[in-house]
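Peer 1: Read top to bottom, the protein sequences are chains A and B.
For the first sequence, our numbering gives the first residue as 3, with consecutive numbering after it.
For the second sequence, our numbering gives the first residue as 3, with consecutive numbering after it.
Worth flagging that the hints you see were computed from the coordinates, not collected in a lab.
Honestly, I wouldn't trust all of these hints.
One copy or two, either will do: identical chains are not told apart, so a pair holds if it fits within one copy or between any two.
Unchecked claim - Taking lysine-lysine and the BS3-like style, the derived pairs with C-alpha atoms no more than 27 Å apart in a straight line are:
#1 47 / 106
#2 143 / 106
#3 47 / 142
#4 11 / 54
#5 205 / 120
On a predicted model such as this, the values are computed, not experimentally measured, just so you know.
Here are the chains, one letter per residue:
Protein chains: 2
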Amino acid sequence: MQEYDQLFKTLHIVEPLLQEEIKKVSEIVTIPPNNYIVEQEKYIKWLALVIKGRVRVWQENEERQILLYYVRPIETCVLSLTATFRDCKSTVYAKTETETTIVKIPVRYVAQWSFVYKSWNTFTTQSFMSSYDDLLESFKKLAFHKIDKRLYSYLEEQVMQNQTQIIALSHSQLAKELGTTREVISKILKQFELDGKVKLHFKKVELLKK
Amino acid sequence: MQEYDQLFKTLHIVEPLLQEEIKKVSEIVTIPPNNYIVEQEKYIKWLALVIKGRVRVWQENEERQILLYYVRPIETCVLSLTATFRDCKSTVYAKTETETTIVKIPVRYVAQWSFVYKSWNTFTTQSFMSSYDDLLESFKKLAFHKIDKRLYSYLEEQVMQNQTQIIALSHSQLAKELGTTREVISKILKQFELDGKVKLHFKKVELLKK
DNA sequence: GACGACCTGTACCAAAAGGTACAGGTCGTT
DNA sequence: AACGACCTGTACCTTTTGGTACAGGTCGTC
């Protein structure tokens, strides 16, 4: 299967035995947009590797949400990974944003392989590290930057990842990404527009190049 | 050496070969209070395991600080651990708060052992996971809770960890822990006192039992 | 016991962020 | 083209947090 070959190549999984095992125990599924992958307080039974599509991962409380990160091909959701090892409840939400294809690997193999196969060990370790660093960076931004700066960073990030100057999100969606309210986003965006940083369209923000 | 035996026991390091290796390549050092262990932007050459004492780990920018966590016996600083694996620059500060004894293990062994020794693998993995979860929890608090609630949580946390109702920190030290300013802390603490939640002393806060 | 360094409390003001209310716009559907 | 659902802009107000200024307290030490 072509999906597996791509997966192995990207993750540098070279051991034939490991490749065999993955093919044997995993399952490839395609999920429509707007479906939950993990829900808060639910147990996670498998590790998900995203092959195609995009998954949004966030935290929420009663009245707010805040984005943690997006999972794109081919990354793995590290939350999923920590949950995998501890076999415990998830404290975050993950939902598909586009049609998404994932490889599901049952929990019990994940830890065991990391001791047997060097490339699996490397992959899981690397995953952890980069996620930890990312989270640390997010923490710092949240602690020290005001919302306007965080919003601008967010827009830049989106532009870079999607390779287009248009961010197709409404103000209230942006508010959810940043853990704030619609009005705040509206005001800041309007100010950005006055400053010549963005151009506003209906349900779209265009980031103007400097 | 008694320090090593305690270390092995706590970390469940059972392999005689690994115990040998650790003794051979590591170094035990005792550091006076208020010394930096890692500094932002500096390369980390070894992994530190705290055997005795207490290390404060935080982030800062121009005008503020915010606590990430404390390292106590026997935990390891995961930042140190991620840095260990990626052999890259640290983005946080770590400083001893009391006289602290640490075991220094050179970077190059840490990754390599985790593939050879099951207990080392388990230790590093567990370390990662719990740190990731902790950070996630901190992120959530920072995103959703107001300062008064975060301050109260912080006080409760200190009481639990130190086994005393007295938190021996000045208002400005508390402000640094939570990434805010002295005045804000003073006001909130005064309100807590009026509410009968705490009793204020000079450079000390006493958390009253409910 | 006088001095300096640092701590605490608070009045007052400013900035940032959040919330209410409402006017008007966009767009898909019927 | 009319309706409803949702989006955008904004005036206005409140709450939260931050910053200035200063009065007075605590404590070590010389």
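Peer 1: Is it within, between, both, or neither for residue 205 and residue 120, if the alpha carbons may be no more than 27 Å apart?
Peer 2: neither (46 Å within a copy, 52 Å between copies)
Peer 1: One pair to classify: residue 47 and residue 142, alpha carbons no more than 27 Å apart. Within, between, both, or neither?
Peer 2: between (32 Å within a copy, 24 Å between copies)
Peer 1: Cα distance capped at 27 Å. Does residue 143 pair with residue 106 within a copy, between copies, both, or neither?
Peer 2: neither (33 Å within a copy, 31 Å between copies)
Peer 1: Which holds for residue 11 with residue 54 at a C-alpha limit of 27 Å: within a copy, between copies, both or neither?
Peer 2: within (15 Å within a copy, 45 Å between copies)
Peer 1: At most 27 Å between C-alpha atoms: does residue 47 with residue 106 qualify within a copy, between copies, both, or neither?
Peer 2: within (9 Å within a copy, 37 Å between copies)
In terms of the numbered hints stated before, the structure departs from hints 2 and 5, listed from lowest to highest.
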